[in-house]
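Participant: Protein sequence lines, in the order shown, are assigned to chains P and Z. Oh and the first sequence: position 195 is 195 in this note's numbering, straight run, nothing missing. Count along the second sequence starting at 1, add 273, and that's the number in this note's numbering.
Think of the hints as simulated: they come from the structure by calculation, not from any bench. Note that the coordinates shown come from a computational prediction; the quantities given were computed from them, not determined experimentally. Wrong hints could be hidden among the right ones.
Footprint (simulated), chain Z over chain P, 3 or more residues, beta carbon under 8 Å [stated by the list, open to error]: (1) 18 to 32; (2) 35 to 49; (3) 111 to 119; (4) 145 to 158.
For each residue, glycine too, the CB sits at the ideal point set by N, CA and C.
Residues per chain are reported as follows:
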Amino acid sequence: MKVKALVLSGEGINCDYETALAFSLAGAESKRVHINDLIAGWEKLEEFHIIAFPGGFSFGDHLGAGKALANKIKNAFSQGTKLFDGLKDFIENGRLVIGICNGFQVLVKLGLLPALKAQGNQEVSLFFNDSARFEDRWVKLKVNKTNCVFTRGIERIDLPCRHAEGKFVADRKTINELWKNSLVVMQYADDSYNPSYRYPLNPNGSIDAIAGICDKTGRVFGLMPHPEAFLFFENHPQWTRLRNKFINIDEMPKKGDGQKIFENAVDYIKMHF
Amino acid sequence: MHRIEVCTKPDLKDVIGASLRRSIMEDLGIRPQSIRIIKAFSMDIPFSIKQLESAAKKVFTDPITQICSVNSPLAAGFDFDWLVEIGFKPGVTDNEGRTAKESLEIFTAKKLNGSVFSSTQYLFVGGNREEIELIVEKMLANPLIERWQVFSADEWKLRGKRGLPLPIVIAQKKPKVKEFNLNVSDEKLEALSEMRTLSLTVQELKIFRDYFKNKDVLKKRKKLGLKGNPTDAELECFAQTQSEHCKHKVFNSLIKYTEESRTHKIDGLFKTFIAGATQKIRNSSKNDFCVSVFNDNAGIIAFDENHNLAFKVETHNSPSALDPYGGALTGIVGVNRDILGAGLGAKPIFNTNVLCFGSPFTSEEKIPKTVLHPKRVLKGVRLGIEHGGNRIGIPTVNGTVFFDDSFIVRPLVFCGTCGLMPSIVKGKRSHLKKAMPGDKIVMVGGRIGKDGIHGATFSSMKLAEGSPVSAVQIGAPIVQKRMQDLLLEARDKGLFDSITDNGAGGLSSSVGEMALQSNGAELWLERAPLKYPGLQPWEILLSEAQERMTLAVPPEKLDEFLSLCRERDVEATVIGEFNDSGFFQVKYGKKTVLFLSLDFLHNGLPKMELEAEWSAPNFKEPAIENTTEFTSVLKKMLSHLNVCSKEWIVRQYDHEVLGNTIIKPLMGKYNDGPSDSAVLKVLPDSWQGVVVSNGMNPVFGEIDTYHMAANCIDEAIRNAVASGADPERIALLDNFCWPDPKFDSKKNPDGKKKLGKLVRACRACFDSAIEFGVPFISGKDSLSGDREINGVKHSIKPTLLISAIGLIEDVRFAVSIDAKHPGDLIYVLGVTRNELGGSLFYQMHGAIGKSVPVVNAKKFKKLYTALHKAIMNGLVQSCHDCSEGGLAVALVETAFSGMLGLNVDLSKIPMNGIEEDWQLLFSESAGRFVVTVKKENQNEFEGLLSGNDFALVGETIDSLDLLVLGLSGDAIIEADVIELKNAWQKTLKW
């Protein structure tokens, strides 16, 4: 079967090209779809298995990161029905949603993550980094055992963070609920891949070093770091040092570790549809 | 009027306020106890309070981290001593306000009349009025674009709660066309040129005047209801088209050049030396990869059979001096548009930026009153570049910051962008474009305001309340991003014949230039969408409002194009039609306001004739006291602004969006070493990559601009080769920033000398490009590097930026600068000579010197070719070029980037004329690298390099010690690598 992935574009989404590439390298038929084409009904959500909300600066991050795009998605009508309802049905029908960086911020502000109580109410947020600035910095991540579909078989991963508003915040009760339900998928970590609260290992000051979470189904996943920016071994900032492990370039890994996240998604759809 | 306010919840730390407080303490030494920030959105849109409260909660506020209010000030709930509110002046681009209005429209599902204006309140605890006003003036507000109010807590309670009045533009004038009688005295012509900042000489104005005396012209004009006098639109359009900026009059002038009492004529610096070099190289090249050079918005080279690369670097100096943030931001989005308008349009894949500032540590007293402090300029420009790249999703991958006091009053901001385009689009070669008669003129993107009309010159004029600000422009990245997405989609559907950006001169330039393709155009100004009413026809024609492109759309594709624009939320308007009349005609309603022959408009003025002279300066070598304190000299050098780590700046740029960046700006064991260039893998299914680098050194130009230019070219090429670029496939861009080189006995008495320096630099460009076999593909000049302050003229150092773009066959062989493992062999490639003229070492001794490094391009090319072969055979572990600080700095950077020690015997390096250890360590001779190689590859590496100057000088070691032996065999440097790294990192750690 052909796995179809919709990669949202337009309105200041920036990482749509590389996110679409990630899904096609993983074996999916991926398509960059402008949000207005989705609203106009030129493209139909139900014809896809996966939807990705890529990174970027939707609406320039004015009014807060991801806020204005979430407002658009929540209020848009597509052919008489609410786009947001369509998105909820999409999840209900066993399909997959991933939000990366700005896309994670959108999912959180839409109330699709973590959706502890119900979909549609914002329960957590991604606040200004403690450093109060945008930083492009590779981080080490510990991947926890959860039922997140996207991280199966991954225990640790290095990825770049590139944001100004990525500090995961929520009240203690909500954080406890996340842990209780095993929804904390990824944590910023030190060299031994143990969770770290120290800057710059934890680049933004996230509570409990939380870098990514999923909902209870494990099929909606959001993270601040960028797996689509590590599709090739040569994306890793240490690759000119790591390549010495290999005898020649043909031995070098053909792909980057970020690729696995997209492959997991495609494999899951192949198994379940 | 309604007002929504939003701020961080009282029990959460106001991170941005706290960060601002830190900067205030560091930069101004003022210590407020706390700062809280409130964002306000004021609007003249009718709403019910209930509706607005719902919108405030759902659209404007993050329920987890923020609180909001409607029509009731949040400040009332906080203790504060001072409240400052800052908002924009009328007509200034307000990005947050625009998104707020759009979001309200989405929320209410209807189009709204009126506007939303954003403003910011700062609530200070502590401080006195004087201190608060100083903070506002020095750090928070810019009077050119913003207004503010400062209240004590009591004052605010009495009269501050309403906030700033709305910055609504009040339409002042009815459209009116003025005519000018140019049959007046020379003095009056000169006064007219000055008053309207036309930058035309009396001679040029007379040629313009005489055009209207031609009988044929008069007859045609009469038919259109025009008289024998030019209109304001005609005068302004002609001045703009014939400006230095558009026509590069100096670079095309006839020059009488005198050097050492020998005089000869040069017919065009550009034609002779820049395009001349490219032509010669292309003629003799077997694998010419130039596709389109010099005649488009960017230079275009072939990447592979199916793809081309377009590259352009622009300057945005004056705007950045007035408003550093807005200036740099518009610089970036502006050069992006050059790429979107190169051929049928390329997709931007990376940005570069090179910046020249005064020292950020300059004491306040040394800064003239009307000039912004270099630290403020640096921070503002940096933020503009961050937003320009990050928000549009283009990685900022390469750049330099150079500090010199001559840039205090006139900073330089070079912005570059490279784009990738399929070589064939819808069966057409994508680098060609031609507007056809009958094609519609369509303006796409932002609206027109008074932004940038006559640029900086209006900034000093007093503006009445309610009149829109024209001095500086602020970019709107999201508007441009939408337009970029749309244009690439429309290009791939083949919906337009031609495209160009609206930069300097606005529509007058874009339509005036595209009209040459079809040989005529008619423009309908009344149709152009305006930001606010009240613009005169000539202002609509000349406005430099941002985020606009002009397209030629065939009539049969117009409907499809316009509906695509609507679907993408991009405004597009038909504003005229291309024809083959031979004329540029501009109408406002039924009235013709401009009618000029295209030939006269573009070619009406004769070449400028200029004089230039040059004689070698009488510099001496300084007397250097013999010292053995090299470790402390080295530490000082590593902390020097022109050597130290720029991580604070670079880390805040997204350098890997799009997922292509392979050699990033910061690499090494801890991802913090300074890369020589950036390498990108630009296609998913190809290992071939792009390399980008730059070369610049204004200090060498103090001695001789010839050698400065040669060194810039060598440095750019060498940086690219160090990371893996193929020396056979590199192309160059030149950007000259020079003080005015046009002689004037009163205003510019040393103009001939400045032009002489320009001639020398251009000659070196010719010689070096040909010897390296590396063509120029595009370039730009800005010859207004002067600024008069209180009657004193300040001029920049003549500056040449060379940007190099190269190809690497397989990015998997790319090399970073950091030493990799202990026990690797260290090689120095190239000859070290007694060439410390202009070196950092001499500068630290308060001298310039004489012996500027000399480039031997033929010899260097041979070495670079051999090195490239070694790199592509996988033999090179690390490679770093030697520049400021010479061999000493290059060795230390190699060591600390890899966190290893080095044992080096410098007596072994290839040298010539070296007598002292300090010459050995700190000479800045060109053409040199520090390379590390695995022991097992020694023979193969040396075999490939044989016939070149190189030497094995030592080994990397596991301990973090740097041991360098000098000429006599004694240790001249013994230092701890961590200490050296700290010295390098501490200067700009903000």
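Participant: Determine for every hint whether it applies to the structure shown.
Facilitator: Now the hints, each set against the structure:
{"no.": "1", "hint": "18 to 32", "result": "holds (count 3)"}
{"no.": "2", "hint": "35 to 49", "result": "holds (count 3)"}
{"no.": "3", "hint": "111 to 119", "result": "violated (count 0)"}
{"no.": "4", "hint": "145 to 158", "result": "violated (count 0)"}
Hint compliance for this structure: hints 3, 4 are not met, and every other hint is.
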